[in-house]
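Chemist: Heads up: the protein sequence lines correspond to chains F and P, in order. Quick note, the first sequence lines up with residues 1 to 442 if you use the numbering used here. Quick note, the second sequence lines up with residues 1 to 313 if you use the numbering used here.
The set of hints was computed from the structure by calculation and includes no laboratory data. Certain hints may be false.
Claimed, not checked - Simulated crosslink set (BS3-like; lysine-lysine; CA at most 25 Å straight-line):
{"no.": "1", "chain 1": "P", "residue 1": "Lys-4", "chain 2": "F", "residue 2": "Lys-296"}
{"no.": "2", "chain 1": "F", "residue 1": "Lys-419", "chain 2": "P", "residue 2": "Lys-68"}
{"no.": "3", "chain 1": "P", "residue 1": "Lys-21", "chain 2": "F", "residue 2": "Lys-419"}
{"no.": "4", "chain 1": "P", "residue 1": "Lys-160", "chain 2": "F", "residue 2": "Lys-419"}
{"no.": "5", "chain 1": "F", "residue 1": "Lys-322", "chain 2": "F", "residue 2": "Lys-310"}
Predicted model, so just to flag it, every value in this text is computed and none were measured.
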Amino acid sequence: MKLLSFKLGIHPPERKESTEHLKVEKAVEPKIVTIPLQQHIGAACEPLVKVGDIVKLGQKIGEPQGFVSAAVHSSVSGTVKAIAEKPAASGGEVLSVVIESDGNNEIDPSIQPKGDITSLDPKEIINIIKDAGIVGMGGAAFPTHVKLSPPPDKKVDLIILNGAECEPYLTADHRLMLENPEDIIYGLKAMMKATGVKNAIIGIENNKMDAVKVMHEAVQKEEGIKVAVLQTKYPQGAEKQLIYACTKKEVPSGGLPMDVGVIVNNVATAAQIAKTIKTGMPLIDRITTVAGKCIKNPKNLLVKVGVSIKEVIDQCDGYKEKPGKIIMGGPMMGLAQYTDEVALTKGSSGVIVFDEKEATTPDPSNCIRCSRCIQICPAFLRPVQIAENSAHNMMENAEKYRALDCIECGSCSYICPSKLPLLHSIRVAKRSILAKKRQQKG
Amino acid sequence: MDEKLIVTSSPHFRDDSTVHKIMLDVIIALLPATLAGIYYFGMNAARVLFLAVITAVITEAVIQKLLKRPVTINDMSAALTGLLLGLNLAPSVPWWIPVVGSAFAIALVKQLFGGIGHNFMNPALAARIFLTISWTGNMTDWRAPGVDAVSTATPLSFVKGATEVPNAAPSLFDAFVGNIGGSLGETSAILLILGGVYLVYRGVISAKIPLIYVGTVAAATLVYGGFDLYFMAYHVFSGGLMIGAIYMATDYASGAITPRGRIIFAFGCGVLTSIIRLFGGYPEGVGFSILLMNVAAPLIDKYTSPRVFGEVK
Numbered sequence: 001m002k003l004l005s006f007k008l009g010i011h012p013p014e015r016k017e018s019t020e021h022l023k024v025e026k027a028v029e030p031k032i033v034t035i036p037l038q039q040h041i042g043a044a045c046e047p048l049v050k051v052g053d054i055v056k057l058g059q060k061i062g063e064p065q066g067f068v069s070a071a072v073h074s075s076v077s078g079t080v081k082a083i084a085e086k087p088a089a090s091g092g093e094v095l096s097v098v099i100e101s102d103g104n105n106e107i108d109p110s111i112q113p114k115g116d117i118t119s120l121d122p123k124e125i126i127n128i129i130k131d132a133g134i135v136g137m138g139g140a141a142f143p144t145h146v147k148l149s150p151p152p153d154k155k156v157d158l159i160i161l162n163g164a165e166c167e168p169y170l171t172a173d174h175r176l177m178l179e180n181p182e183d184i185i186y187g188l189k190a191m192m193k194a195t196g197v198k199n200a201i202i203g204i205e206n207n208k209m210d211a212v213k214v215m216h217e218a219v220q221k222e223e224g225i226k227v228a229v230l231q232t233k234y235p236q237g238a239e240k241q242l243i244y245a246c247t248k249k250e251v252p253s254g255g256l257p258m259d260v261g262v263i264v265n266n267v268a269t270a271a272q273i274a275k276t277i278k279t280g281m282p283l284i285d286r287i288t289t290v291a292g293k294c295i296k297n298p299k300n301l302l303v304k305v306g307v308s309i310k311e312v313i314d315q316c317d318g319y320k321e322k323p324g325k326i327i328m329g330g331p332m333m334g335l336a337q338y339t340d341e342v343a344l345t346k347g348s349s350g351v352i353v354f355d356e357k358e359a360t361t362p363d364p365s366n367c368i369r370c371s372r373c374i375q376i377c378p379a380f381l382r383p384v385q386i387a388e389n390s391a392h393n394m395m396e397n398a399e400k401y402r403a404l405d406c407i408e409c410g411s412c413s414y415i416c417p418s419k420l421p422l423l424h425s426i427r428v429a430k431r432s433i434l435a436k437k438r439q440q441k442g
Numbered sequence: 001m002d003e004k005l006i007v008t009s010s011p012h013f014r015d016d017s018t019v020h021k022i023m024l025d026v027i028i029a030l031l032p033a034t035l036a037g038i039y040y041f042g043m044n045a046a047r048v049l050f051l052a053v054i055t056a057v058i059t060e061a062v063i064q065k066l067l068k069r070p071v072t073i074n075d076m077s078a079a080l081t082g083l084l085l086g087l088n089l090a091p092s093v094p095w096w097i098p099v100v101g102s103a104f105a106i107a108l109v110k111q112l113f114g115g116i117g118h119n120f121m122n123p124a125l126a127a128r129i130f131l132t133i134s135w136t137g138n139m140t141d142w143r144a145p146g147v148d149a150v151s152t153a154t155p156l157s158f159v160k161g162a163t164e165v166p167n168a169a170p171s172l173f174d175a176f177v178g179n180i181g182g183s184l185g186e187t188s189a190i191l192l193i194l195g196g197v198y199l200v201y202r203g204v205i206s207a208k209i210p211l212i213y214v215g216t217v218a219a220a221t222l223v224y225g226g227f228d229l230y231f232m233a234y235h236v237f238s239g240g241l242m243i244g245a246i247y248m249a250t251d252y253a254s255g256a257i258t259p260r261g262r263i264i265f266a267f268g269c270g271v272l273t274s275i276i277r278l279f280g281g282y283p284e285g286v287g288f289s290i291l292l293m294n295v296a297a298p299l300i301d302k303y304t305s306p307r308v309f310g311e312v313k
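Extracted from the complex, chain F is given alone in its bound form (with noise of 0.2 Å):
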């Protein structure tokens, strides 16, 4: 079978092996959950209640501000305690709702199933994922109905669906296309009425041949959708990366996905479309992928949006060993949680825990100029010059260097033989590029 891939980027270790052939669990019932009203980015959600009212099951409790923005609902029924400022995955605090449940799960009258995707209309099936509040589901979390309507003068005629999970440990969605392709298959279907597309692909990694296999199978007599097999490289599943392994088609610079017809989204969101418009249960809930060196028994958990770190961590046993650093998602692009008091979010894929001597970033000295990072980097960029610049404060240089087609994916620190935080200075350069930008346009 020819391997699709994108060029350049990196094969870190996989370390999926302790989590990749346990079945998905169900978390155990959370006595408190903490939904913070923003989980992505855009506009944050005003609260729907008050301290002391009584909530459903999949009852919403968050209204969305704004198009790019997402409903939240509550995953227990029980008591609100609190709105108040809690620990954000992103770092610093956010707008949370504190809910007590009161472990009977009573689920809120408007849950109703919403019919058969044949039924219903495109701006239907829309309406109904946007009222879900679902988002992506591989990490960014961004609102799925926005992807879904892309402006009249943008053509687009594929949907490709993202299993490659190219982070190291995360197996949540290898473990989905497993247990659950025809969910998969259906929001995909749900993804193509709304939009009008007529084919799609969908991109695993080949270190996943067990679920190449199910999902081929499960399209056999679906027109339209394939399954392509792809290289087991980092960054596969970046979004530019992995429509350019599936077409050969490059984003243009600055630009987005259906610029060349295409709308990308994660495997788990196809998954969690099905279950809405089946059951009319808005996205409340999600699979994580708990595992590191610390971690006592790693697991695939079903867990609900709301539920702290240190729970999740508790179910698989607690730690190992003191814990040295706490990451929301993969070591590639997870983010370094201050505290196990972080609330798991609609887009928390894994939940991944080093040891002290893992944690500790290695102490950088000079660049050698070995040029590794500019044969690898997978958006085609000099990391090393814009770092350079940007730890220099020339900022205009690090533009010309085109920091802003950094996708981010850290493929360069992580291959630097000196031990260079190259990401990081190029994120600094990013970051007072737009601010200037935006302070031209004001």
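Once you've looked at the hints, dock chain P against the given chain F.
Modeler: Frame of chain F, contents of chain P only:
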């Protein structure tokens, strides 16, 4: 929770390669040729190598102490510079030649410009040229291998100004295995290539640079010699071409860093070496060629920036 967690920006995963490992790999790659040099030229060679390496390491430590910088002799880069310089010297040189050379390489070419990664020229090569220009007699006092150590000419001096290999010249086989007069480490082409294969296998260097460099010299000498394969092979396997193409032109800090820039860099080295060898005043041109291309590297990088993903040119 009570424990303090480490919070950094992503990625949280790092490759296990280090500068130390890279330098060590190059030293390992040079070991066969180094041992061959000692085998052919005896204690003289061992003495030159020892003095070159030890002076390089001491100079680096002293300068870093004086400048109150962290002492980085553990990264092995100074030892490698010393070894490369030693391999570039005639085994008969007086004791102070490797000492002065290594001190010059580390102090002036490397540390004064900011230490590892900041040298715009290959330190060992710059030192060799500095020594050759300053003490030409000592630096070109070539001896034949063996205990008698009689004065001899290098293979390249036999083909200087010629378009074919004269009968008096050493055999190609001797040049290939290193049984000839010359610098103590550059004589054995086969062992240098062996080390090069190791470096490519370990991912330390790309095979492109030596292949293009040597290929260019091969093509030029083939045409110049009227398609005399023996003449071409003689040029390719003798002199400093192998050590230069595999170990010096591939030096990270002083070479080009863009993919296309590296090709131009290697090609330029090949062209300059051919011109100097075939038309210039010296029998050998590898050192000068690489240094000239070192100086041109930033300019080459500037004009060979790679196309960014999604960029339409």
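Chemist: Evaluate each hint against the coordinates.
Modeler: Do the hints match the structure? See the list:
Distance check on the hinted pair: Lys-4 of chain P and Lys-296 of chain F sit about 20 Å apart at the alpha-carbon level, within 25 Å; holds. With a CA separation close to 22 Å, the supplied pair Lys-419 of chain F and Lys-68 of chain P stays within the 25 Å bound. A threshold of 25 Å between alpha carbons decides the hint, and for Lys-21 of chain P with Lys-419 of chain F the separation of about 13 Å falls inside it, so the pair holds. Straight-line distance between C-alpha atoms of Lys-160 of chain P and Lys-419 of chain F comes to about 47 Å, which puts the hinted pair past the 25 Å bound.
Only pairs whose Cα atoms come within 25 Å are accepted, and Lys-322 of chain F paired with Lys-310 of chain F is accepted, the gap being roughly 13 Å.
Hint violations for this structure: number 4 only, all remaining hints satisfied.
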